[in-house]
Amino acid sequence: DAKTTQPPSMDCAEGRAANLPCNHSTISGNEYVYWYRQIHSQGPQYIIHGLKNNETNEMASLIITEDRKSSTLILPHATLRDTAVYYCIVKGSARQLTFGSGTQLTVLP
Amino acid sequence: DAGVIQSPRHEVTEMGQEVTLRCKPISGHNSLFWYRQTMMRGLELLIYFNNNVPIDDSGMPEDRFSAKMPNASFSTLKIQPSEPRDSAVYFCASRKAGASTDTQYFGPGTRLTVL
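Chains as they are written, first to last, in this note's numbering: chain Z, 77 to 185; chain G, 2 to 116.
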């Protein structure tokens, strides 16, 4: 599975959009991009995933570049409860998810 | 739905003791995963089961660790004997049967402290 690169930390003002980038330059055609988050002291939580098209659900939007080498997770109106570590994971034929170090998002009041 | 249930939530034990962690996956999910999380190593997959059968245990650190899934609604992770370096948060996750994508649902975790 392709490796991912994320900034270690980001801040966002409450009520503003949080844009979390992820680079996955070695992604191959059959690999999906998954996003999970982990709020302090809780288990990871699935957010969204995509292959090549942009995706949106009740939690977030996922924008994947046309060459699929990078993606951005967008939380449209961040709240204090969105403070968490966000993991970008690329997964293809491997049977399991591999979590990296993620991005610590801090939403500021 | 109750979600993935883990017990106990916290466990403090002394070195050399046996520790058993328990997990009840979401009903209808046929894949179950055990992870361990530490500050140093992050979130690591230890073992996963598909239809109650262990598929990949390459992440199990050593023979002191063992996991079982006697039926679709219950799994255990046992450490015997425990050591201080086993101190971590242990998560269980499950995935829906027939899922074409890897959406896993995690439990709240068991925080293990070995003194």
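These aren't lab readings, by the way, just hints derived from the structure by calculation.
As the structure is a prediction and not an experimental result, all values here were calculated from the model.
Wrong hints could be hidden among the right ones.
Unchecked claim - A short, non-exhaustive set of chain Z residues, derived as facing chain G with CB atoms under 8 Å:
1) Met-86
2) Cys-88
3) Arg-92
4) Asn-106
5) Gln-121
6) Tyr-122
7) Gly-168
Unchecked claim - To give an idea of the chain Z side of the interface with chain G (calculated C-beta under 10 Å), a few residues:
8) Tyr-108
9) Ser-117
10) Pro-120
11) Ile-165
12) Ser-177
13) Gln-180
Ideal placement from N, C-alpha and C gives every residue a C-beta, glycine not left out.
- When the least beta-carbon distance from Z/Arg-92 to chain G is tested against 8 Å, hint result: violated (28 Å)
- Message: Interface hint check: Z/Ser-177, Cβ to nearest Cβ on chain G, cutoff 10 Å. Holds or violated?
- Response: Holds - the Cβ of Z/Ser-177 comes within 10 Å of chain G, reaching about 6 Å at its closest.
- Message: A closest beta-carbon separation below 8 Å is what the hint needs, so does Z/Asn-106 meet it against chain G?
- Response: Violated, about 12 Å.
- How about Z/Tyr-108: closest beta carbon in chain G under 10 Å, or not? holds (7 Å)
- Query: Can Z/Gln-121 be said to touch chain G, with a Cβ gap under 8 Å?
  - Reply: holds (7 Å)
- Message: Interface hint check: Z/Gln-180, Cβ to nearest Cβ on chain G, cutoff 10 Å. Holds or violated?
- Response: Violated. Min distance 13 Å.
- Query: If you take the shortest Cβ to Cβ gap from Z/Cys-88 to chain G, is it below 8 Å?
  - Reply: violated (23 Å)
- Was the hint right that Z/Ser-117 lines chain G, CB cutoff 10 Å? Status holds, d = 8 Å.
- Let me know if the C-beta of Z/Pro-120 comes in closer than 10 Å to any C-beta of chain G, holds or violated. Given a least distance of 5 Å, the restraint on Z/Pro-120 holds.
- Message: Using the nearest Cβ pair, does Z/Tyr-122 come within less than 8 Å of chain G?
- Response: Where the cut-off is 8 Å and the nearest Cβ of chain G is about 5 Å from Z/Tyr-122, the hint holds.
- Does Z/Met-86 pass the interface hint, meaning its C-beta sits closer than 8 Å to a C-beta of chain G? At about 18 Å, which exceeds the 8 Å cut-off, the nearest Cβ of chain G leaves the hint on Z/Met-86 violated.
- Mind checking the CB of Z/Gly-168 against every CB in chain G and telling me if the closest is under 8 Å? violated (10 Å)
Going down the numbered hints, you'll see the structure goes against 1, 2, 3, 4, 7, 13, while the others check out.
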